[in-house]
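Please arrange chain Y on chain V, whose structure you already have, making use of the hints.
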Amino acid sequence: MSEAPVMTLRGRMARLAGSGTIATLALLLFALWAVFAIAIGDRFFSVNTLQSMAFQMPELGILSLAMMLALLSGGLNLSIIATANLAGLTIAFVLTRYIPGSEGITWVGVQVLAIAAGFAVAALVGLVNGFVIAYLGVSPILATLGTMTLCKGLAIGLTHGNVISGFPEPIVFIGNGTVFGVPFALIVLALCALPVAIMLNATPFGAKVYMIGSNEKATRYSGIDTRAILLKLYVLSSLLAGVAAVVMLARFNSANAAYGESYLLVTILAAVLGGVDPFGGFGKVGGLMLALIILQVISSAFNLLNLSQFLTLAIWGGILIAVAAVPHLRGRAER
Amino acid sequence: MPEKLVASFSRFRRSHEFWLLIVILVLCASLGLASSQFLTVQNLFDLLTSYAFVGILALGLLVVLIAGGIDISFTATASVAQYVALAVANAYGANWAGVFAIAIGIGGALGAVNAILIQKLRIPSIIVSVATLNVFYGLLIFFTGGKYIYSLPDWFATGIFWFEFEWGKDTSYGVNLQILALAVCFLVTWLLLNRTNIGRQIYAMGGNADAARRLGFHIFGLNMLVYCYMGVMAGIASLVQAQLAQSVAPTVLVGKELDVVAAVVLGGASLMGGVGTVLGTFLGLALLAILQNGLILLGVSSYWSPFFVGLVILISVSATAWSQRERRTRRARP
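Heads up: the protein sequence lines correspond to chains V and Y, in order. Counted the way the working numbering counts, the first sequence spans residues 1 to 335. Counted the way the working numbering counts, the second sequence spans residues 1001 to 1334.
Just chain V, same shape as in the assembly (with noise of 0.2 Å):
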């Protein structure tokens, strides 16, 4: 009979500890970077691995953050990877259709055209997410399965399945050039993730995702049209696999219906690990943010080490599992 209350109080102990998280994540950063420096040497701090490690994970970061709003809220966002190639295949097409022969102001317009149009797909896709979600009342993980099957069916049927590649100079330098050094891409990332943590935490509207990821319909009492923001929330989520789309484009300097698929469960692993609550209310940038370096940190040197990448996917889960079982384990302990 007693077991019942101490169980929801341990679990809202779990869920407070937030911040708990982000302390786990440094130390297990800092475990793994003494490791690996022991394991590589000094390859492992050169410039060339920094500068790799810089370029890879911006793509993940940006639609990992995608996938955080839509969890903070108590939903899920599995449409992420198809509306990024949706968004990525219209840039593509606007791209290939109408940059040659092109010069001078046209020519910059048509790539601002491309880019405009890329997010204006994605922006719809998350109308018709938020709209189905919010008020049809369709539960997330069913209403973006069917806009991600929806929106793949549409990528494949208008491509075939067939790469468009071939974009202008400044397309590319978005994810392949440098600033001082800085890979531009990350650049990106960290405009995307700036903004994402101010909204969150210091804004009216943050607030209330919070809010309505801890309990709903008592935000909906309180006053707050939670529909309404719920509607942005995803509207937000889909502009920000809009901007992956752009990234991904350019890094590969080609779109597809299919690339990044396998990204989709990893960006849910990386959200959790960065210790969002997959059942809504909370979870911060900052632990995303670390979630992912860590995530980075294990792939590369895994690479440097010659092991496989399977092998990285199997200690990515390993450490998620490690990871989420931490608050239990301590609650245990203090006992």
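If you're looking for bench data, these hints aren't it; they were derived computationally from the structure. Treat the hints with care, since some could be wrong.
[Claimed, not checked] FRET-style restraints, in silico, Cβ to Cβ:
| hint | chain 1 | residue 1 | chain 2 | residue 2 | range |
| --- | --- | --- | --- | --- | --- |
| 1 | V | ILE187 | Y | ILE1315 | 38 to 44 Å |
| 2 | V | ALA23 | Y | ARG1213 | 50 to 56 Å |
| 3 | Y | ALA1087 | V | GLY161 | 28 to 34 Å |
| 4 | V | TYR221 | Y | ARG1014 | 28 to 34 Å |
| 5 | Y | TYR1303 | V | GLU103 | 31 to 37 Å |
| 6 | Y | GLY1159 | V | VAL182 | 55 to 61 Å |
| 7 | V | GLY166 | Y | VAL1088 | 47 to 53 Å |
| 8 | V | ALA23 | Y | LEU1298 | 57 to 63 Å |
| 9 | V | ASN162 | Y | VAL1088 | 40 to 46 Å |
| 10 | Y | TYR1303 | V | THR96 | 36 to 42 Å |
| 11 | Y | ALA1029 | V | GLU103 | 57 to 63 Å |
[To be verified] A few chain V residues that face chain Y, going by a derived Cβ cut-off under 10 Å, partial list only:
| hint | residue |
| --- | --- |
| 12 | GLN56 |
| 13 | ALA143 |
| 14 | THR147 |
| 15 | LEU158 |
| 16 | VAL266 |
C-beta: ideal position from N, C-alpha, C; glycine also.
Chain Y only, in chain V's frame:
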């Protein structure tokens, strides 16, 4: 007796399954009119054979969803079970009972790993299964190098062909491994959920875990059973798939988990637990299968098939949510 029948029919008429059935019947009728190949025994057997893999996995997932959990590691579990069972059969020789015992054993064991992590470490099932999907799959490819197995034992490659009967001049049909396994899994899952005490306990636990615990249900044991059942289904499905594909490809199954989720939730199972039926899952699977099959028979390019599947999922879940809301508001304003 008739009154009871009328009552149960009127209950059925309000259910999710009823509307699904209507949609499927309309779809079948129009496809039958549009294509002479659709309503044939040949097509029925082909459909059952090719959707057996997804169908068996869907049954396992149905039980997990009813119990209030979720598992998406089953494609990795299936890949491991398939690889080990057939690699052992190739190396040491085995028979049908042998390969099924190995696949079921491995599936059950990996399911138990999930259950232990979820229950003993109190980690939500979605996190555990995202993690174990990566662990099982990563380790499998690490140790096998991702190599395909093309040469299968002769008896396995031949498969089975029961109750053979002639149809027309030179075509004959029979119950093959895929259809047999699908039928047995449907029957066993239906019995488990509807005719056993444990089945009722699984529904109760999914509906309200706290209440079930206070009633003295053995929560750990029930969860263990549910996740092992999912693993066992993954093991069986993996052999069914390998027999159909005539090879073992460790990298092709992972990534298909959302197809299975789609079939189960189209069938009306709730992700909140406590809700879902075997009939609904069958109808959800049938809807997806008939839709994809019908598009091909109508001559629609297969490139467009996912688009229509997505459209049907989106419309179906929206319509369900909408009708539930209408019913709630009608009840609120008498």
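Practice task
Would you pick out the hints that fail for this structure and give their numbers low to high?
Solution key: Failing hints, ascending: 2, 10 and 12.
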